[in-house]
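Modelling step: build the complete structure from the supplied sequences, incorporating the hints.
Using UniProt numbering, read the sequence shown as starting at 1 and increasing by one per residue.
Think of the hints as simulated: they come from the structure by calculation, not from any bench. This one's a predicted model, so the numbers in the text were calculated from it and none came from an experiment. Be aware that a few hints might be false.
[Unchecked claim] Simulated pairs of lysine-lysine, BS3-like, Cα-Cα distance not exceeding 30 Å: (1) Lys72 / Lys9; (2) Lys150 / Lys130; (3) Lys141 / Lys152; (4) Lys145 / Lys83; (5) Lys21 / Lys150; (6) Lys130 / Lys145; (7) Lys152 / Lys116; (8) Lys116 / Lys130; (9) Lys152 / Lys83; (10) Lys56 / Lys83; (11) Lys130 / Lys148; (12) Lys21 / Lys56; (13) Lys9 / Lys116; (14) Lys141 / Lys83; (15) Lys150 / Lys116; (16) Lys9 / Lys130; (17) Lys72 / Lys83; (18) Lys116 / Lys141; (19) Lys72 / Lys56; (20) Lys152 / Lys21; (21) Lys116 / Lys56; (22) Lys141 / Lys72; (23) Lys21 / Lys83; (24) Lys116 / Lys83; (25) Lys83 / Lys148; (26) Lys130 / Lys141; (27) Lys130 / Lys152; (28) Lys72 / Lys116; (29) Lys83 / Lys130; (30) Lys116 / Lys148; (31) Lys116 / Lys145.
[To be verified] Here are the computed distance ranges between Cβ atoms for each label pair: (32) Gly55 / Lys152: 33 to 39 Å; (33) Pro157 / Ala43: 40 to 46 Å; (34) Glu153 / Ala105: 23 to 29 Å.
Where a beta carbon is used, it is the ideal one built from N, C-alpha and C, also for glycine.
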Amino acid sequence: MEGDAEIWKSVCDFTIDVYRKAIELQNETKNTFLSPFSIWMAAAMTMAGSEGETGKEMVRALRMPENMGGEKLHQCIQCTTQKCLQSEEDAEVSLANRLFVLRQAQMAENFVRILKQYYGSATEDLAFLKSCDEKRVYINKWVCKETKDKIKELLPPNSITSDSILTIVNTLYFRG
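Put into structure tokens, the structure is as follows:
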């Protein structure tokens, strides 16, 4: 698809910046494991809900081509992601995205549609769960299932507060 090369460049440039910052901040005694692609994907999903100056800043932060916007940008992201995740015979790769709405909030219909159509992300309302910890446990169970029990606790205690409105969660599973 036209624009794929620009999206790949965006992911690569973003990855280099993330690794540079991680190395800069890393404590010498700790190992760090992160997926810049997952961070990029979650930020791209966030970008889908932004407009105006915030939207422009998100495009710049993600190193996206500034001449590409709207549906075309999300189509290119989808196409690039699908190519990236094609599993080989001896490897398994899967990506899962989810927008969890933690308390009463109005989501723009177009934002919800874009997340579902281009990012494969459902929007799940957790307002029915009363405590912040119940919401955290619920999300952690979803992550555990999506990562085939490899990540049991993405969100530590007290990471969701009464001020939290929503969270975008992205999981990347690789076995190979």
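Consistency of the hints with the structure:
A threshold of 30 Å between alpha carbons decides the hint, and for Lys72 with Lys9 the separation of about 16 Å falls inside it, so the pair holds. Proximity of Lys150 to Lys130 is assessed by CA-CA distance (about 27 Å); at most 30 Å being required, the pair is judged to hold. As the CA atoms of Lys141 and Lys152 are separated by approximately 7 Å, the hinted pair is consistent with the 30 Å bound. Straight-line distance between C-alpha atoms of Lys145 and Lys83 comes to about 24 Å, which keeps the hinted pair within the 30 Å bound.
A hinted pair counts as satisfied when its Cα atoms are at most 30 Å apart, and Lys21 with Lys150 qualifies at roughly 26 Å. Between the alpha carbons of Lys130 and Lys145 the distance comes to roughly 22 Å, so the proposed pair stays at or under 30 Å and holds. The hinted pair formed by Lys152 and Lys116 meets the criterion: a straight-line CA distance of about 25 Å does not exceed 30 Å. About 26 Å separates the Cα atoms of Lys116 and Lys130, which keeps this hinted pair within 30 Å; it holds.
The hinted pair formed by Lys152 and Lys83 meets the criterion: a straight-line CA distance of about 28 Å does not exceed 30 Å. As the CA atoms of Lys56 and Lys83 are separated by approximately 26 Å, the hinted pair is consistent with the 30 Å bound. Taken as a hint, the Lys130 and Lys148 pair is honoured in the structure, with Cα atoms around 27 Å apart against an allowance of 30 Å. Annotation: proposed proximity of Lys21 to Lys56 holds, straight-line Cα distance about 22 Å (limit 30 Å).
Distance check on the hinted pair: Lys9 and Lys116 sit about 24 Å apart at the alpha-carbon level, within 30 Å; holds. Taken as a hint, the Lys141 and Lys83 pair is honoured in the structure, with Cα atoms around 28 Å apart against an allowance of 30 Å. With a CA separation close to 25 Å, the supplied pair Lys150 and Lys116 stays within the 30 Å bound. This hinted pair does not check out: Lys9 and Lys130 have alpha carbons roughly 43 Å apart, beyond 30 Å.
Among the hinted pairs, Lys72 with Lys83 is consistent with the structure: their alpha-carbon atoms are about 17 Å apart, no more than 30 Å. Our distance criterion of 30 Å between C-alpha atoms is met by Lys116 and Lys141, whose separation comes to about 21 Å. Distance check on the hinted pair: Lys72 and Lys56 sit about 16 Å apart at the alpha-carbon level, within 30 Å; holds. Restraint check for Lys152 and Lys21: the C-alpha separation of about 26 Å stays at or below 30 Å, so the hint holds.
Between Lys116 and Lys56 the CA atoms are separated by roughly 22 Å; this keeps the pair inside 30 Å, and the hint holds. Restraint check for Lys141 and Lys72: not satisfied, since their Cα atoms lie roughly 34 Å apart, outside the 30 Å limit. In summary, the hint linking Lys21 to Lys83 is supported, as the alpha carbons are separated by about 27 Å, within the 30 Å threshold. The straight-line distance between the Cα atoms of Lys116 and Lys83 is roughly 18 Å, inside the 30 Å bound, and the hint therefore holds.
For a cut-off of 30 Å, the pair hint linking Lys83 to Lys148 stands: about 22 Å separates their Cα positions. A C-alpha spacing of about 17 Å is found between Lys130 and Lys141, which places the hinted pair at or below 30 Å, so the restraint holds. Taking the CA atoms of Lys130 and Lys152, the gap is near 22 Å; set against the 30 Å cutoff, the hint holds. Taking the CA atoms of Lys72 and Lys116, the gap is near 15 Å; set against the 30 Å cutoff, the hint holds.
Proposed proximity of Lys83 and Lys130 is contradicted: the alpha carbons are some 40 Å apart, above 30 Å. Our distance criterion of 30 Å between C-alpha atoms is met by Lys116 and Lys148, whose separation comes to about 22 Å. Distance check on the hinted pair: Lys116 and Lys145 sit about 20 Å apart at the alpha-carbon level, within 30 Å; holds. In this structure the hint that Gly55 and Lys152 lie 33 to 39 Å apart at CB holds, the actual value being about 35 Å.
Between Pro157 and Ala43 the C-beta distance comes to about 25 Å, which lies outside the given range of 40 to 46 Å. Between Glu153 and Ala105 the CB atoms are about 25 Å apart, so this pair conforms to the stated range of 23 to 29 Å.
In the structure shown, a violation is registered for the earlier hints numbered 16, 22, 29, 33, in ascending order.
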